[in-house]
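4 protein chains.
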Amino acid sequence: MIKAGIIGATGYAGVELVRILLRHPQVTLAAVSSVSFEGQPICDVYPSLREICELPCRSADDVIAESDVIFAALPHGLSQDTAKACADAGKKFIDLGADFRLDDPEQYESWYQSEYRYDDLHKSAVYGLCEMFREDIQKTSIIGNPGCYPTSVALGLAPALKNKLVSPVGIVVDSKSGTTGAGRKPTQTTHFPDCADAFSAYKVASHRHTPEIEQTLSKLAGETATITFVPHLLPVNRGILSTIYAKLQDGVTEEQIRTAYNAAYAGERFVRVMPKGQAVNIRHVQCSNYCDIQLYVDEHTRLLVVTSVIDNMVKGAAGQAIQNMNLLFGLPEGTGLNMIPLSF
Amino acid sequence: MIKAGIIGATGYAGVELVRILLRHPQVTLAAVSSVSFEGQPICDVYPSLREICELPCRSADDVIAESDVIFAALPHGLSQDTAKACADAGKKFIDLGADFRLDDPEQYESWYQSEYRYDDLHKSAVYGLCEMFREDIQKTSIIGNPGCYPTSVALGLAPALKNKLVSPVGIVVDSKSGTTGAGRKPTQTTHFPDCADAFSAYKVASHRHTPEIEQTLSKLAGETATITFVPHLLPVNRGILSTIYAKLQDGVTEEQIRTAYNAAYAGERFVRVMPKGQAVNIRHVQCSNYCDIQLYVDEHTRLLVVTSVIDNMVKGAAGQAIQNMNLLFGLPEGTGLNMIPLSF
Amino acid sequence: MIKAGIIGATGYAGVELVRILLRHPQVTLAAVSSVSFEGQPICDVYPSLREICELPCRSADDVIAESDVIFAALPHGLSQDTAKACADAGKKFIDLGADFRLDDPEQYESWYQSEYRYDDLHKSAVYGLCEMFREDIQKTSIIGNPGCYPTSVALGLAPALKNKLVSPVGIVVDSKSGTTGAGRKPTQTTHFPDCADAFSAYKVASHRHTPEIEQTLSKLAGETATITFVPHLLPVNRGILSTIYAKLQDGVTEEQIRTAYNAAYAGERFVRVMPKGQAVNIRHVQCSNYCDIQLYVDEHTRLLVVTSVIDNMVKGAAGQAIQNMNLLFGLPEGTGLNMIPLSF
Amino acid sequence: MIKAGIIGATGYAGVELVRILLRHPQVTLAAVSSVSFEGQPICDVYPSLREICELPCRSADDVIAESDVIFAALPHGLSQDTAKACADAGKKFIDLGADFRLDDPEQYESWYQSEYRYDDLHKSAVYGLCEMFREDIQKTSIIGNPGCYPTSVALGLAPALKNKLVSPVGIVVDSKSGTTGAGRKPTQTTHFPDCADAFSAYKVASHRHTPEIEQTLSKLAGETATITFVPHLLPVNRGILSTIYAKLQDGVTEEQIRTAYNAAYAGERFVRVMPKGQAVNIRHVQCSNYCDIQLYVDEHTRLLVVTSVIDNMVKGAAGQAIQNMNLLFGLPEGTGLNMIPLSF
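Protein sequences appear in the order of chains A, B, C and D.
Counting in this note's numbering, the first sequence runs from 196 upward without gaps.
Counting in this note's numbering, the second sequence runs from 196 upward without gaps.
Counting in this note's numbering, the third sequence runs from 196 upward without gaps.
Counting in this note's numbering, the fourth sequence runs from 196 upward without gaps.
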């Protein structure tokens with residue numbers, strides 16, 4: 196059994212890790228930490244866990260000491276020292292924050308106003324988008340788990356970009372996310388009376404996931420990709436839908452698009468290309484590790500429109516992190532991740 | 196492996212059975228039926244199931260022929276012939292409808308305007324409230340799976356009634372249910388624009404679960420129990436909260452109450468008596484088979500106030516039905532039911 | 196024109212006062228205050244008000260100086276000094292907080308852990324339940340505007356108690372309120388991901404509105420009334436539904452009940468007794484000053500069940516306060532309050 | 196007083212007309228019709244209207260006979276005969292359906308599979324986007340009231356197109372609408388359990404509002420405009436947010452954009468250009484006739500991003516129709532439309 200530990204277990208991504216790992220057949224949840232609730236059992240914070248998991252919240256150091264693999268769900272900037280401590284102790288490390296996602300130190304420092312430390316750790320870290328970088332993941336010990344929006348966009352565009360079916364330049368990404376993406380800490384924006392029956396865009400063309408998305412799309416395309424990224428806050432808890440608009444290359448047909456996507460994802464356990472006529476819906480992937488994709492060709496303007504949905508807290512955070520853990524430990528990629536999406 | 200079949204699989208209770216049975220370690224889902232969608236794969240009706248369960252919807256006869264145990268989620272009145280067919284074929288039968296819940300034929304006929312047929316089947320049928328009637332359940336082949344509201348109320352009151360701590364007469368039951376209880380068929384009441392931001396009582400003191408609740412409470416009390424039952428429609432999908440008001444017998448203290456509940460449910464896998472100060476919430480049991488209970492003594496008016504929550508589609512329908520199946524087949528009661536409630 | 200001022204204008208009750216008073220034909224909104232946003236225009240806090248009301252938030256003293264009538268929407272305990280200042284300046288004062296609702300100083304001090312000051316002010320203050328105490332209201336200058344829950348309960352029970360149709364003892368009040376009742380300040384309980392799809396009881400048999408409700412019911416009954424009061428938090432913004440259970444006196448019939456209610460409210464502009472068969476719904480009163488009432492007699496247990504709905508922020512706060520203002524100034528009671536409830 | 200009548204008064208747009216017209220100072224609501232509820236008072240269908248409007252639902256002919264101006268909220272195809280009858284009777288006619296929006300008969304017939312009749316009526320009809328075509332509106336008697344999505348898009352882009360600041364070709368319009376846009380008739384898509392916590396795109400690049408939007412944008416640009424239009428269904432009742440992406444012409448700066456919008460809308464009662472930094476939100480316009488606009492320049496990709504919000508049932512339907520009526524009768528454009536958006 197793998198001993199797994201979670202640093203920052205009382206945030207939403209953290210407690211979703213708890214929920215999934217408790218039922219993983221090859222994992223023992225060894226220890227959890229929380230700065231805000233140190234000393235309290237986690238079921239005091241999440242009464243849903245009573246009689247199921249009553250582990251006390253401990254310190255980050257305790258978690259590292261007790262675990263073979265450490266998941267960290269921390270505010271950006273704080274994961275680098277944790278990664279260092281894990282590396283020094285010979286433990287595997289999966290970061291759900293942003294510290295190990297960007298290759299370029301300058302981009303990291305400019306978008307996150309944070310220092311880029313431990314150069315060798317960053318060099319050995321792999322961006323954990325399993326479907327794309329599976330082989331590199333299997334060889335490393337430090338994973339930068341992808342952001343939620345970037346996961347939905349990269350999976351939604353990969354076959355089109357790899358097969359040169361669309362232009363990588365000037366892609367429009369209009370994304371809509373549930374409120375759990377904003378975290379567990381109450382704010383005015385996520386206060387129920389302000390957030391229910393409301394809908395707005397935020398961080399228009401200035402969200403920190405922009406460089407992360409462009410980095411991945413550029414790798415997939417083999418050339419520089421540029422996007423305009425506009426996220427919106429949906430009055431639901433779970434789910435991201437990204438509507439992506441890319442210019443079709445001359446002569447590309449809907450059939451070619453569909454063939455490329457079906458081929459690319461035929462063997463993928465967690466990506467479902469929907470048959471023509473079946474819209475994707477955040478509802479259809481909720482509480483599961485799936486990414487569902489639908490494709491449209493607008494002949495009128497020669498755009499490819501991709502709609503891509505994930506559960507932001509599963510495929511967009513905890514589930515994908517566990518998929519990465521499975522790869523790190525040589526387990527079948529879907530182990531412990533066989534959750535069926537809610538029907539309603 | 197137990198071959199399980201579902202009649203009425205495209206209703207909400209039916210598809211929740213699908214979702215849970217697909218992950219039950221001792222079950223193979225043998226066949227499903229649907230009158231509305233016969234011939235179509237169930238994943239066309241619930242795209243969430245694509246690549247997970249693509250079974251075609253067949254006829255009820257096919258389901259009976261292919262299965263060791265048949266679950267029926269049908270409108271009331273229609274289960275009796277199905278039960279007869281199952282009995283004739285030597286198959287076990289679990290009815291999620293109301294046809295096998297009431298002992299008294301006259302009550303059934305008066306509340307359901309339906310005929311009570313196959314007397315011997317009714318006599319052999321057991322009311323499947325597992326925590327109360329476990330021994331009888333193990334000896335039968337026909338289960339009347341309890342209604343959603345009655346489950347929340349019976350579990351909420353059992354220790355108080357059995358221990359004569361409250362009066363069984365004049366109990367007030369104020370229940371609030373999510374919209375899935377109203378079924379999958381669109382109606383004006385459950386039309387999103389009419390139902391969102393709305394809240395109302397319905398079938399005040401005239402809901403069909405009234406005699407079912409009184410029947411169970413009377414058995415628990417060992418004397419005739421009477422209730423005023425008022426259900427309300429909550430603008431959420433899943434969950435029932437029942438707030439129950441019962442007159443305390445003279446001299447009964449909060450400590451006696453709490454002791455009785457803790458003793459009664461100490462060994463129960465699916466009933467959690469919350470520690471004092473921790474309110475129950477439909478959120479804390481969503482997508483799980485738990486019933487959470489909290490207790491209050493109002494000294495001012497000498498009432499016991501019980502709050503009891505379940506997921507109406509799990510403990511109130513599909514989950515409890517599978518718990519019954521486990522009992523029928525001599526499996527540990529929690530097999531296949533280890534779902535952890537959602538944290539958010 | 197009446198010059199009206201609002202102290203605490205950026206809370207939910209405060210800004211609802213702004214919204215209604217801006218369209219009141221006899222009122223000029225003279226000044227508003229806010230401790231948190233002093234110096235900023237109110238449309239920076241509520242962008243919905245841009246180009247409609249760009250008044251700056253000023254100090255409470257400014258508001259008193261500029262206004263003929265002062266509305267205060269403040270945390271309890273803070274209104275007494277404001278009332279004193281208004282009285283000294285010869286201004287009328289309408290308190291939306293709890294400081295002037297309870298007659299009994301001991302009750303106030305025990306339920307609110309706050310000191311009862313300015314005895315003469317308290318003696319001159321009138322409880323502003325317009326439909327019941329209209330004549331006293333017209334003679335005073337200080338109004339204690341009723342709490343939201345107490346308004347729904349008092350209007351729901353008044354005709355039954357006044358006509359001795361039910362017992363005033365042992366009444367059960369099961370109330371459900373939208374989240375705006377919890378105020379504008381973000382908390383964990385009202386954090387969207389924790390509050391959506393959730394439902395729970397809170398302050399069971401210990402909510403501060405209990406003595407206020409009992410005080411009013413006792414006045415209506417002419418003898419001591421006792422209640423068990425259990426509030427619940429609904430995942431909607433606006434609206435309270437109270438389901439009220441009272442013992443029918445011997446021999447009382449549904450017809451007598453219905454006749455009494457129709458008679459009592461025939462001339463009331465803001466109370467609608469629904470015809471038999473038409474359920475009340477928080478939706479039907481949203482954004483209006485109506486209280487809708489429906490009546491049921493449970494012959495089985497001899498209980499009267501009343502369902503009563505209001506918009507907690509209008510009839511339960513700002514609307515009723517303006518109705519009181521109209522009485523104080525001798526205007527027709529409905530002036531400026533002709534809002535039609537939303538149809539959806 | 197203008198005698199106004201509504202054909203199709205029990206649909207959502209119809210009843211919103213009722214709600215607003217009842218408070219219009221220059222209007223008497225003369226008669227309403229409904230095919231489904233003929234003979235019943237409208238307050239039986241919408242209990243919110245009890246004691247406020249108890250008009251019986253009559254026939255369309257009755258409405259025409261009793262009114263000076265007729266609003267029709269009918270399924271497409273059915274308004275043309277009504278328009279003819281109104282014209283023959285010398286009454287003004289405002290169509291909330293699609294029959295009088297498109298100039299080109301072929302487009303109408305191809306997108307709506309419906310016949311284009313009464314050529315002269317179509318020629319005299321004016322597209323009722325008040326802010327753009329005010330002068331033509333004042334001269335006609337037949338108005339094609341704009342669609343909800345087209346209103347949000349046309350107002351959102353007009354100053355940019357008129358001033359040649361963006362390219363009219365290849366505009367991406369990603370719109371999100373509340374559920375009332377789908378109408379009052381229950382469907383599976385708008386069934387609460389299927390619609391709550393859900394989000395999806397629909398009619399991708401094939402929605403009937405596409406030619407209507409392109410027609411208006413082309414008029415504004417003075418050349419052919421093309422769009423890719425993708426609508427999405429939001430789990431809220433009211434509101435549309437359109438996020439619009441258009442290519443900036445060379446050298447155009449954010450300052451130029453902002454100047455053009457502020458100039459264009461400076462005198463407009465119902466269009467608010469938000470100050471920089473203040474996001475628009477469907478919440479900020481709910482239940483009002485406002486359109487709020489915010490502007491972003493993405494220098495990285497040289498796109499203008501416009502976010503534009505309206506209440507789909509007010510500015511996107513009933514409110515704009517009444518604004519048109521005011522123009523037809525020479526009243527100040529905002530008469531009866533001074534509703535303040537809800538603060539929560």
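Treat the hints with care, since some could be wrong.
Identical copies carry no separate label here, and so any pair may be met within one copy or between two of them.
[Stated by the list, open to error] Only pairs whose alpha carbons sit at most 27 Å apart, straight line, appear in this in silico DSS-like list of lysine-lysine:
{"#": "1", "residue 1": "K442", "residue 2": "K318"}
{"#": "2", "residue 1": "K286", "residue 2": "K471"}
{"#": "3", "residue 1": "K198", "residue 2": "K318"}
{"#": "4", "residue 1": "K334", "residue 2": "K398"}
{"#": "5", "residue 1": "K279", "residue 2": "K442"}
{"#": "6", "residue 1": "K380", "residue 2": "K442"}
{"#": "7", "residue 1": "K334", "residue 2": "K414"}
{"#": "8", "residue 1": "K279", "residue 2": "K398"}
Keep in mind the hints are simulated off the structure, nothing from the lab.
Here is how each hint holds up against the structure:
no.	hint	in the structure
1	K442 x K318	neither (34 Å within a copy, 38 Å between copies)
2	K286 x K471	neither (45 Å within a copy, 40 Å between copies)
3	K198 x K318	within (26 Å within a copy, 52 Å between copies)
4	K334 x K398	neither (36 Å within a copy, 44 Å between copies)
5	K279 x K442	neither (43 Å within a copy, 45 Å between copies)
6	K380 x K442	neither (39 Å within a copy, 38 Å between copies)
7	K334 x K414	within (19 Å within a copy, 59 Å between copies)
8	K279 x K398	neither (32 Å within a copy, 47 Å between copies)
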